Amino acid sequence: MAGQAGMLVELNSGDILFSKNADERRPIASLVKIMTTVVALEHKNIDSKVFITLDAAHVGENSMGISSGETYTLEELLYGMILHSGNDAAYAIAEVVAGDSDRFVDWMNFKAEELGLQNTYFADPSGLDDGSYSTSADLVKLTRYAMKNPEFRKIVGTVEKEIFSTDEHKYIYLYNQTNLLTTYPGVAGVKTGFTEEAGLSLVTYAANGGKEVVGVVLNSIDRKGDMILMLDHGFETLGINVGHGLL
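Counting in my numbering, the sequence shown runs without a single skipped number right up to 297 at its last residue.
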């Protein structure tokens with residue numbers, strides 16, 4: 051694989067199907083948003099209303115497209131954060147869940163400690179700050195935990211989402227940027243990540259032949275190709291032949 055680090059495991063057992071530099075700490079860019087989603091879902095009702103502040107609306111880089119003064123539900127913002135990798139949504143979520151983004155980041159790190167993610171640190175809710183780091187092994191562990199939550203599964207596995215306009219906010223169309231979600235058989239989420247420092251990264255969940263796997267690729271020049279190779283190898287190891295014409 052071209053990626054600097056990676057890992058693939060069977061979801062339920064945790065059996066390792068592939069590993070490369072899996073305990074090597076690396077910046078993780080928007081893969082941070084996996085933990086942001088976990089913390090938000092565990093601390094706030096998804097129907098909660100979220101008023102968008104000027105600070106959240108103007109975070110920059112990848113954006114859901116929300117504007118200050120609008121109000122959305124937490125669920126709508128979670129879709130915007132995962133499908134569009136919206137940094138604006140990530141900060142709006144942090145503000146409403148914890149009161150401010152700094153406290154929310156503390157909660158993210160508390161959760162990492164609770165889950166035994168010994169080589170993981172979160173510096174912000176969005177992944178814009180390259181001070182956040184993790185390992186392939188820790189990200190696999192985090193994702194295995196997150197996939198136990200039905201709301202998390204539903205959001206990360208959604209291909210497209212329409213947020214219809216109301217008197218509180220505009221119409222927004224969201225399309226999931228996760229590589230392989232509509233091409234590799236059985237893929238149903240989870241998240242892409244990219245900064246110059248982190249490189250191209252990807253966490254993927256897939257299910258075929260009654261087997262579920264979670265894979266991580268970090269700092270690759272071809273995260274899609276790397277993940278295809280890992281998934282093919284993993285399912286073959288599990289005795290499942292996945293037919294596709296992607297390579």
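FYI, nobody ran anything at the bench for these hints, they're computed from the structure. Treat the hints with caution; some may be incorrect.
As the list claims (entries may be wrong) - Calculated cross-link-like contacts (lysine-lysine; reagent style BS3-like; alpha-carbon spacing at most 25 Å):
no., residue 1, residue 2
1, Lys70, Lys261
2, Lys220, Lys94
3, Lys261, Lys198
4, Lys198, Lys161
5, Lys274, Lys261
6, Lys161, Lys211
7, Lys70, Lys204
8, Lys261, Lys94
9, Lys211, Lys70
10, Lys94, Lys211
11, Lys261, Lys204
12, Lys99, Lys261
13, Lys99, Lys220
14, Lys198, Lys211
15, Lys204, Lys274
16, Lys161, Lys220
17, Lys220, Lys198
18, Lys99, Lys211
19, Lys220, Lys261
To be verified - Cβ pair distances, simulated, as ranges:
no., residue 1, residue 2, range
20, Asp105, Asp217, 17 to 27 Å
21, Gly166, Ser117, 20 to 30 Å
22, Glu210, Ile96, 30 to 40 Å
23, Asp217, Gly289, 28 to 38 Å
24, Lys94, Gly293, 34 to 44 Å
25, Thr216, His93, 36 to 46 Å
26, His283, Glu210, 38 to 48 Å
27, Tyr225, Glu120, 33 to 43 Å
28, Ile66, Thr121, 22 to 32 Å
Since we're looking at a predicted model, the values are computed, not measured. For glycine and all other residues, C-beta sits at the position ideal for the given N, C-alpha and C.
- Message: For a quick check of understanding: which of the numbered hints are violated here, in increasing order?
- Response: Of the numbered hints given earlier, those the structure breaks are 6, 7, 8, 9, 12, 16, 17, 19, 21, 22, 23, 25, 26, 27 and 28, listed in rising order.
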